[in-house]
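Participant: Each chain is listed here by its residues.
Protein chains: 2
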Amino acid sequence: MSDLFFVSSNPHKYDEAKKILHGFDIKLGFSKSELEEIQSNSLHEIARKKAQHAFSKLKKPLIIEDDGLFIDELDGFPGPYSSYVFKTIGNKGILNLLTNHRRAKFISIITFFDGETLESFDGRLLGSISKSPVGEGWGFDPIFIPNNSDKTFAEARDKNKLSHRYKSLKKFANWYLHK
Amino acid sequence: MSDLFFVSSNPHKYDEAKKILHGFDIKLGFSKSELEEIQSNSLHEIARKKAQHAFSKLKKPLIIEDDGLFIDELDGFPGPYSSYVFKTIGNKGILNLLTNHRRAKFISIITFFDGETLESFDGRLLGSISKSPVGEGWGFDPIFIPNNSDKTFAEARDKNKLSHRYKSLKKFANWYLHK
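Residue numbers (this note's numbering), protein chains in the order written: chain H, 819 to 997; chain W, 819 to 997.
Heads up, some of the hints might be wrong.
You can't tell identical chains apart in this list, so a pair holds if it fits in one copy or across any two.
Derived DSS-like pairs: lysine-lysine, alpha-carbon spacing no greater than 25 Å straight-line [said to hold, decoys possible]: (1) K910 / K949; (2) K867 / K850; (3) K867 / K905; (4) K923 / K905.
Honestly, the hints are just simulated from the structure, not real lab data.
If we strip away everything but chain H, and leave its shape as in the complex, we get (with noise of 0.2 Å):
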């Protein structure tokens, strides 16, 4: 039985996770759940807020992600909102968008909440958006190539061991395991 729980919305989010932290010998069970999100720039504030509410609910340890893209040339954008404006226009819509400056990272937090301790760790990774899709896989991954590399995240063998998910929580397990 798990004694750690990821919450989510995203199967896919949870399913990386899952690989990730089984590497690091922490087992993690998946509560799929909606959560309730406060529109803000700080990654940090809505995934605090959401962890608790995740809490509220759950009555067990977890953990609970926030990520995005933030591109440079667009201020930022989609950030915070990286969801829902991938649902809204797509990787079709952020390549529409861009002219010759295209650099880009992507950032993950992940937030622990048991109900005392709340801890965050954050994971960034550097890269550019490529010049069209490339590969299968879900959100921006087909359109985002690491620096340092020549093939979008979709097409990337690796992608678990040097993604910002993989930074956020490989610092999350050094803490977890000696805490």
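Based on these hints, arrange chain W on the given structure of chain H.
Facilitator: This is chain W only, laid out in the frame that chain H set:
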């Protein structure tokens, strides 16, 4: 002294609301405040929570407004996130996202709360997105052309007599004056 306050961080919206309600003999004060907003695709849900949050701070009868531009071709984008999208990709970004299908609507929801009674009133205005920005105005006004008009909102002299905001405030005023 006003006995009704408009709570918003946006003085442009207050200015329009004050002028419109003046036509109904309702005096409107301004409480400039950044309110917490949840992320939701439902303007009504955002509005209710925001009105309650505003009242917990101000403790006086108040109205708040939630509005958005909903573009058909973009599945309703930018919708509830209009303010964020305007600040990041702006009108130029919206224009880059569109091809030939340009139908859009503005929606305004006015929510009243006095600690006991919570009521919402909505106003809609159908139109289309122009090919380029025309006129000086705030927000999406320079790119929105109401149906049966050949001018953008930014050029219209009678915006306050036909806008989504006018329609929601008129409904509110009729209710407020007879409650």
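Participant: Confirm or reject each hint.
Facilitator: Here is how each hint holds up against the structure:
In this assembly of identical chains, the alpha carbons of K910 and K949 lie at most 25 Å apart whether taken from the same copy (10 Å) or from different copies (20 Å). In the homo-oligomer, the alpha carbons of K867 and K850 lie at most 25 Å apart both inside one protomer (18 Å) and across protomers (24 Å), since each shortest distance falls under that limit. Proximity of K867 to K905 under the C-alpha cut-off of 25 Å is found in both arrangements, the shortest distances being 23 Å within a copy and 24 Å between copies. In this assembly of identical chains, K923 and K905 lie within 25 Å of each other by CA distance both inside one copy and across copies; the values are 19 Å within and 19 Å between.
Violated hints are absent here; each numbered hint is respected by the structure.
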